[in-house]
Amino acid sequence: MPTDGAAERRRRRWRLAGRYLLMSMLALIVLFPLYITVVNSLLRPDQIAARPPALFPSDPQWGAYKDAWTTGHMGRYLLNSAIVTTGIVIGQVTLAVLAAYAFAFLEFPGRGVLFVVFLMTMMVPFEVVFFTNYQTIADLGLLNTYGGLILPFLATGFGTFLLRQAFLTVPHDLRDAAALDGYGHFRFLWHVVVPLARPTVAALSVFAFLSAWGQYLWPLVATNDERVRTVQVGLRQLRDTGLDHINVTFAGVVLASIPLFILLLVFQRQLVRGLTAGAVKG
Amino acid sequence: MTVRAPSRRAKDALLGYALVLPSLLLFGVFVIYPFVKNFWLALHRTPPFPGLPQKYVGLDQVGDVLSSSEFQKSLRITVLFVLYTVPTGIVLGLLLAVLAHRQMKGSGVYRTIFSSTVATSVAAASVIFFTLLNPQVGLLTYWLGRSGEIGVLDDPKTALVAVSVVTIWQNLGLSFILMSAGLQGVPDDLYEAAAVDGANARQRFWHVTLPMLSPTIFFAAVVGSIMAFQAFGQIDILTQGGPNDSTNVLVYSIYRDVFRFGNDGVAAVKAIALFVIVLILTVVQLRFAERRVTYAR
Amino acid sequence: MAAVLAALAVSLVPVGATPAGAAAAVKCPVDALDKAKGKPVEIVMWHSMPRASEETLQKLTDQFNASQGDVQVKLLNTTSYNDTFTKYRAGLGSGDLPDVVQIQDTSLQGMIDSQSVVPIGACVKADKYDTSDIIPRALDYWTVADTLYGMPFNVSNPVLYYNKKAFQKAGLDPNKPPTTLDELRSASQKLVDTGTTKFGYSIKLDPWYLEHWLAKSGKAYVNNGNGREKRATAVTFDNKTGREIFAWLDGMVDDKLAINTGPPAGNIDNLLAIGAGNAAMTIDTSGNLGSILQVLGSGQFPDVEIGVAPMPGPVGKGGVLVGGAALYIPKASSPEKQAAAWKYIKYLLEPSSQAQWSVGTGYVPLRKSALDDPTLKAAWAATPEYKVAYDQLLNGVNNVATAGPVIGPYTEVRDVVVNALTQMLTQGQDPKAALTSAADKSNQEIESYNARVGG
Chain A
1 MPTDGAAERR RRRWRLAGRY LLMSMLALIV LFPLYITVVN SLLRPDQIAA
51 RPPALFPSDP QWGAYKDAWT TGHMGRYLLN SAIVTTGIVI GQVTLAVLAA
101 YAFAFLEFPG RGVLFVVFLM TMMVPFEVVF FTNYQTIADL GLLNTYGGLI
151 LPFLATGFGT FLLRQAFLTV PHDLRDAAAL DGYGHFRFLW HVVVPLARPT
201 VAALSVFAFL SAWGQYLWPL VATNDERVRT VQVGLRQLRD TGLDHINVTF
251 AGVVLASIPL FILLLVFQRQ LVRGLTAGAV KG
Chain B
1 MTVRAPSRRA KDALLGYALV LPSLLLFGVF VIYPFVKNFW LALHRTPPFP
51 GLPQKYVGLD QVGDVLSSSE FQKSLRITVL FVLYTVPTGI VLGLLLAVLA
101 HRQMKGSGVY RTIFSSTVAT SVAAASVIFF TLLNPQVGLL TYWLGRSGEI
151 GVLDDPKTAL VAVSVVTIWQ NLGLSFILMS AGLQGVPDDL YEAAAVDGAN
201 ARQRFWHVTL PMLSPTIFFA AVVGSIMAFQ AFGQIDILTQ GGPNDSTNVL
251 VYSIYRDVFR FGNDGVAAVK AIALFVIVLI LTVVQLRFAE RRVTYAR
Chain C
1 MAAVLAALAV SLVPVGATPA GAAAAVKCPV DALDKAKGKP VEIVMWHSMP
51 RASEETLQKL TDQFNASQGD VQVKLLNTTS YNDTFTKYRA GLGSGDLPDV
101 VQIQDTSLQG MIDSQSVVPI GACVKADKYD TSDIIPRALD YWTVADTLYG
151 MPFNVSNPVL YYNKKAFQKA GLDPNKPPTT LDELRSASQK LVDTGTTKFG
201 YSIKLDPWYL EHWLAKSGKA YVNNGNGREK RATAVTFDNK TGREIFAWLD
251 GMVDDKLAIN TGPPAGNIDN LLAIGAGNAA MTIDTSGNLG SILQVLGSGQ
301 FPDVEIGVAP MPGPVGKGGV LVGGAALYIP KASSPEKQAA AWKYIKYLLE
351 PSSQAQWSVG TGYVPLRKSA LDDPTLKAAW AATPEYKVAY DQLLNGVNNV
401 ATAGPVIGPY TEVRDVVVNA LTQMLTQGQD PKAALTSAAD KSNQEIESYN
451 ARVGG
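So the protein lines, in turn, are chains A, B and C.
Note that this note's numbering gives residue 174 to position 174 of the first sequence, counting from 1, and the numbers run on in steps of one.
Note that this note's numbering gives residue 206 to position 206 of the second sequence, counting from 1, and the numbers run on in steps of one.
Note that this note's numbering gives residue 62 to position 62 of the third sequence, counting from 1, and the numbers run on in steps of one.
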């Protein structure tokens, strides 16, 4: 081993360079559509149509963003998505915390059966029931309302399951100590359980945020009024009207993606935990 | 004590019910009721308009739908879509994860780039590619040398592949994150032991990494397949089920039956079929997870 | 002129009753507005007009709202004809319905079967409204079993859009665009041979190629008097003319004279093809004229000067079909709102409104006296393109074929035809086989729809 040290080191350097090269090429491929989107959002329509195509905005035009925000209604759509997503996340976490507390710390007849019911709801994909839910929401007069967009998603079997797991790890002596100190259920929940389960709550929140923000099918069928339209369906609108001003369409896409990018950067750790919840350990 | 305890237990029980009730109610309305209604719808011929009579037809409609070429084609397309997107997504995610796993200078940047598509929604990715693939003005069309020719999304021979590529790209971030998390879980001493035994990098990969990663891969495959069976957004934006139904996946077919043709009965039959498929996949996943956990112990 | 039109109207094939029901018994309460307590009565109209058309509709509505205090109309854009129909159908179950709804031509049988509207004919009768100035062919399209169900509002038909600059470059006369399929083909050949454009013609894969070209040949699309004598039970397009139409399209694509730009549904690739210099001609609806001028003038396409001409097609004893959409009044609205809706509809059909509407959008003015409107006259003198659809509508024989097909599952049949065209043009299926398969599948759809309706 010591005899071919130099050769070994050279080989290792070549392997490293090769690795960097491969990774860079892959990174380029992955990043390219996003890159082109940003570039095109800053070009003028005639520049976009030019062949060969411009790959860098030498004279960036920010007007497309204004157009997308106002005429393209992206500003309104982002607000709607924010309202609906926040509603769903807060609602889901709240309901899941409450139900998980009941399953983890309270005894009541039928608890096992009810928990199984919660679990079974995870087996029914939304796509299997969405059209009847559409009729239900329509009959309730909740089409084209925030309520109609939020209500069907407030209860979550997955969230309850996850939080119950986390709650069950609260050590018994903590429970007993709390009982001895005269803690009622809500104080116990709020001051002991939730803080202990904070990573799981955070993970669930991020997961809920991601899936609520990206919802497409339900907002598509439950709304057709642009005043409550969410960002994802708004993107479809842009697609419909966008081929003669691609810069505006792409500006809209960028605007629609900014919130998620911020989320990715700031909450990377919780994001990973939320996405892999249940995956790695099995 | 004996006087207070029962009432406290009763209060706890009541509280338990109360805490569970809101969720149960919502489940009842938005999960259980529509699930059961599917069966009723499947057994009745839906009139084109509300107000006209619903006719009970027993299993005729179920038989008609399941044997129809449209449903079978839709099922085939969906399975194809799953086969195109899930294995490819896993392999690519694994490749990226393995490459970026090593602690090298700048690997953090690469990791962020590789996970970046998790921040794009299905709709955003679809609008981007819809524009890039436009036959007249699209950039990708130009680079594929197909400018002015029939669009990739207008040709039944290429539409499903194109939709799959968009899906794979959009899922890459998630796949990368999953595989990376899995890699983290492989203990270093296993690698060291293998290295001591004289295994080179490739052997270490096949005999240490891959087996240890198999639960993660399995999870990704099953969950990925379930999600792929439920695909809708990208089809709605890119091709609307066409051309000539070549991208008419199951959920899109259901959506069309309800919202384009007003035929809820037919949609319900398909929805039940979708449920059965997802159920089978879920059961497979649970069974495997059970067995794997005991194995790991 | 009026006498000739009256004679033509009388010569139309008399239609019998449809089995779907006693729509004639529904009354239109035109007097309810006078008795209304809370004025102005607010009503909602659902429409799916895009871009320039939406702006013009809003303008007309604002004028109406400002001109009187009895009725205030609010517009709701429900995105597309299909979305509007879906929303309407859902609303029939949930009660969320508008007071005026714009529904496309093809949903006529559907609207009849829904038994959910006050037939406009009832309002005409109750109000003694004079319809003699309205273009008879438009009224006739929406009349089945002697009942006028919807008030035609935005009528259009397909026209030829072509790039005059490309014609000049290729040595074609920009003032003599093709009128027959043969001329369309030879013009394409010239454009391709001279290298002016990649293809001569861009085909938006619309199902109405078959519909309009059969009508131009004087052939009906479905049986039972094109669905107007009795409910249609089968299609009739699997004949020599249908095969010629399919074969022509197939030949153009095979010989690389035309490019298939895909099924409709928001697709403007056929127009973009002209803009990008990949084609010089396309057929599209005249209703898009305003938007087309907007799109192709957006700065992305400098080499284009758009000309508009009548739709080329097979020669025969026929003409183009009436297309577009009509306004319906749902029964579910209160009498005051129904009366308010009727008042609004009458306003939209006034000659000056129709003149403004036509100038802003390219839709055909439905009042003959609108032609005397100075704005319209000036607009048509300046941009004669807008007149093409109107002339096309009035020229042409009135017979069973040109009355237009009435089909319950029109959407399903159209999807079948588009799929057959796709299969023929992209998957190499032979035109005769494609047409027959389209006919078979269409008949299946019609059978199953009729079963669902008839019970």
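Wrong hints could be hidden among the right ones.
The calculated lysine-lysine pairs, modelled on DSSO-like cross-linking and capped at a C-alpha distance of 30 Å, are [to be verified]:
no., chain 1, residue 1, chain 2, residue 2
1, C, 256, B, 157
2, B, 157, C, 35
3, C, 230, B, 55
4, C, 198, C, 432
5, C, 125, C, 27
6, C, 125, A, 66
7, C, 165, B, 37
8, C, 343, C, 317
9, C, 441, B, 73
10, C, 377, B, 55
11, C, 74, A, 66
12, C, 441, B, 157
13, C, 165, C, 125
14, C, 331, C, 240
15, B, 73, C, 169
16, B, 55, C, 441
17, C, 317, C, 346
18, B, 157, C, 198
Just so you know, these hints were derived from the structure itself, not from any lab.
Source: prediction; values computed, not measured.
Hints, one by one, checked against the model:
1. C:256 - B:157: Given that 30 Å is the threshold and the Cα spacing comes to 19 Å, the pair holds.
2. B:157 - C:35: violated (63 Å)
3. C:230 - B:55: holds (23 Å)
4. C:198 - C:432: holds (28 Å)
5. C:125 - C:27: Holds: residue 125 (chain C) and residue 27 (chain C) sit about 9 Å apart, inside 30 Å.
6. C:125 - A:66: violated (51 Å)
7. C:165 - B:37: violated (60 Å)
8. C:343 - C:317: The hint is violated at about 39 Å.
9. C:441 - B:73: Judged against 30 Å, a Cα distance of about 15 Å means the pair holds.
10. C:377 - B:55: violated (56 Å)
11. C:74 - A:66: OK: residue 74 (chain C) and residue 66 (chain A) at ~27 Å, within 30 Å.
12. C:441 - B:157: Satisfied, since the Cα-Cα distance of roughly 22 Å is no more than 30 Å.
13. C:165 - C:125: Outside the cut-off at roughly 51 Å; violated.
14. C:331 - C:240: Outside the cut-off at roughly 44 Å; violated.
15. B:73 - C:169: With a Cα-Cα distance of about 47 Å, the restraint between residue 73 (chain B) and residue 169 (chain C) is violated, given a limit of 30 Å.
16. B:55 - C:441: It holds: about 23 Å lies between the C-alpha atoms, which stays within 30 Å.
17. C:317 - C:346: Violated. Residue 317 (chain C) to residue 346 (chain C) sits at ~34 Å, over the 30 Å cutoff.
18. B:157 - C:198: OK: residue 157 (chain B) and residue 198 (chain C) at ~22 Å, within 30 Å.
The structure fails to meet hints 2, 6, 7, 8, 10, 13, 14, 15 and 17 from the earlier list, while all remaining hints are met.
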